[in-house]
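2 protein chains.
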Amino acid sequence: MKFLKTIRVEELKQILDEIPRITLEEETIDLDLAFGRVISKNVVSAIDVPHFRKSRMDGYAVVAEDTFTADENNIISLELIETIQAGDKPEKEIKKGQCSYVATGAAIPEGANGVVMVEFTEKHDKTIDISQAITPDTYIVKVGHDVAKGGTIVPKKSMITLPTIGILASCGIEQVKVYKKPSVSLISTGNELVPLDVESLEMGKIYDVNSHILKKAIENAGCEVNFFGIIKDDLESLKNAFNKALSSGDIIILSGGTSKGEGDLGPQILESHEGLEIFIHGVRIKPGKPLIFAKINSKNIFILPGYPTSALSCYYVFIENFLRRMSGLPPKEKDSKEFELAERIYSTVGRHQFKPIKIKEIDGVKKIAPIQTGSEAISTLFYADGYIEIDELESIIEKGETRTVYFF
Amino acid sequence: MKFLKTIRVEELKQILDEIPRITLEEETIDLDLAFGRVISKNVVSAIDVPHFRKSRMDGYAVVAEDTFTADENNIISLELIETIQAGDKPEKEIKKGQCSYVATGAAIPEGANGVVMVEFTEKHDKTIDISQAITPDTYIVKVGHDVAKGGTIVPKKSMITLPTIGILASCGIEQVKVYKKPSVSLISTGNELVPLDVESLEMGKIYDVNSHILKKAIENAGCEVNFFGIIKDDLESLKNAFNKALSSGDIIILSGGTSKGEGDLGPQILESHEGLEIFIHGVRIKPGKPLIFAKINSKNIFILPGYPTSALSCYYVFIENFLRRMSGLPPKEKDSKEFELAERIYSTVGRHQFKPIKIKEIDGVKKIAPIQTGSEAISTLFYADGYIEIDELESIIEKGETRTVYFF
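Quick mapping for you: the protein sequence lines, in order, are chains A and B. In this note's numbering, each residue carries its 1-based index in the first sequence increased by 3. In this note's numbering, each residue carries its 1-based index in the second sequence increased by 3.
Keep in mind the hints are simulated off the structure, nothing from the lab. Glycine residues also receive a C-beta, built at the ideal position from the N, C-alpha and C atoms. Possibly wrong hints are sitting among the right ones.
[As the list claims (entries may be wrong)] Not everything, but these chain B residues come out facing chain A in the computed CB check (under 7 angstroms):
(1) 54
(2) 149
(3) 212
(4) 216
(5) 382
(6) 385
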């Protein structure tokens, strides 16, 4: 065991930031399923986009030189030889004295080197009058203007957004190579926990909340979740479940079992493994002091407090961006804004507190109000709009002081 | 046809805001699939949470009156009659002079009305020494403290977040009633468009991009998408596809077909329907002028420009929050920040422009830089960080001026 101590919030964040990314395998998936995934290999286009010269406007494709002397007082008349709509293949080459109609997006016929907008023309039976001079290349989108054949269009490690889907589709790319999602093994422990399908609760029992909120939270961070069930608080059952979880997952998240009155099961289970490094056991925060972060060889292990509000707070503050980094996703920047306190808030000295708060409008001004329930109540987070940070050394924040609210 | 005109951006936004929400049916789904969905019926808890009195601390459940005289100089000794861990059912009632060990979260035995923290006790063989006085209710979480039986816990029209999943799970609720997703029929039109599975492109043809980006964008706004394929630009084919789309969807989105050189197919298709109201035909914006919004009875119809950059810009500015409102989701607030222009940007007078821009760091300062390609290139959006709005009456914004960037 390397070290074992209660540390400050910033120290834990730094330790987590320095953990190297796990090595993820690749998989090939359909473009339509790729939103939010991370490209594992530079994508190169096999084609130019567009792969033909294209008109930017509705107009007439001409030999630009034919128009050089044209203006309102010197109309030039050209022979109309073809009408080319978007999607049509031009059949005829333009020679001096000739033109073809081209719609926006239509292919430019051979021989033409410019387009006169329809607004500066007049159509007769078989001829077109031109009243504007154009320079070569006017209103022509060149081959490869958007994407050049052979060039890297989307570099490795990019997250796929809507415009990424757009540019890949424009190159005719139907499938993409992406990183597999990190696999997270999730365990809920506690003799008091029962699954939702149990109809009536006995005295002392409560429904398991953490597996439901953590499962979705972990998926939202780009990971795949395997749930190993609700495990009893006894060393044998927990060891068995933990060993299975360890062999199948890159990351193991266990909620509960950190701070039991009669013995700390989490650390006992970890201790039996070779290659164990416990980086943190306890962080000076509230809610959620009994957080453990450890590694067994390349596997990352988090043991979270059992109370759902504590577990989810720890998840938001420490684990969410750790998982996003492992998945290859950009960190989530917390939306934040400053507000005044509507009333005094108390905190425990020696604990860096993430206090869930509400925003309350008082005489038309939005202010920070505390929530009366604590980490024992899941409704605390339900009614919270966000949280404020309270430093280890503060015991009171006075009414009227200004704090940054981080929104959920 | 009611009216048909080119309008200003703000007018269109207002028209869209005033369209009544479509009536959505309900469906019952598993809690684990409910994240991001919208509750269709007030959820009432059938149980109190907790449904038993619970200890907030590791300690001893006592009759508070027994401790009233206790302090460091006056140790009180109580008989230990039971050890109650979280999840255990207490077997014995506490009488005066007795106590039971209770772990955090464990049920409080009958007869007890307070908990003395373990820190203020000393354990002997069968007795516990107490060195602190407590008042009644100390460290006891009352029945229904978190959720009261019979009360509405999650009101109708709430979007399901992680804390909502938590509070529902804590009440043992496995399934929830939610609104069905609005159904959007999507059509891509254009003779030039081919699907991604076509291996090699003929002259004049391009891959269909809009169906891929719009499909995912619409799903992200909480809707279900039925794609009706890539339809040729002829009145008969388009009429057939449109009629199918109209009968199966609440909202119909058609991209392309708004501004063809040789005739505007979109309006022609709409015109053959009874109950048609065209609210907008053309908005004074760039990119994406040829936008149509119409209704046929209760169905909402958008016809978007064919260029992917124009289609997606129109979607972001007008349609995204319209669809979110129809789904029951809160509007997406665009992340925005002010920056200085790194160089002069030109615009077309008479068009309200949403100009995709990049953020470029120049001498350590982040500034707004234009993107050289236009709406004909999908790479424009791919390289953009966001957009700025340029008013109808502006033709130039000078280097050094400050603008709000709306991030994608």
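Here is what the structure says about each hint:
no. : hint : verdict
1   : 54   : holds, 6 angstroms
2   : 149  : holds, 4 angstroms
3   : 212  : holds, 4 angstroms
4   : 216  : holds, 5 angstroms
5   : 382  : holds, 5 angstroms
6   : 385  : holds, 4 angstroms
In terms of the numbered hints stated before, the structure departs from none.
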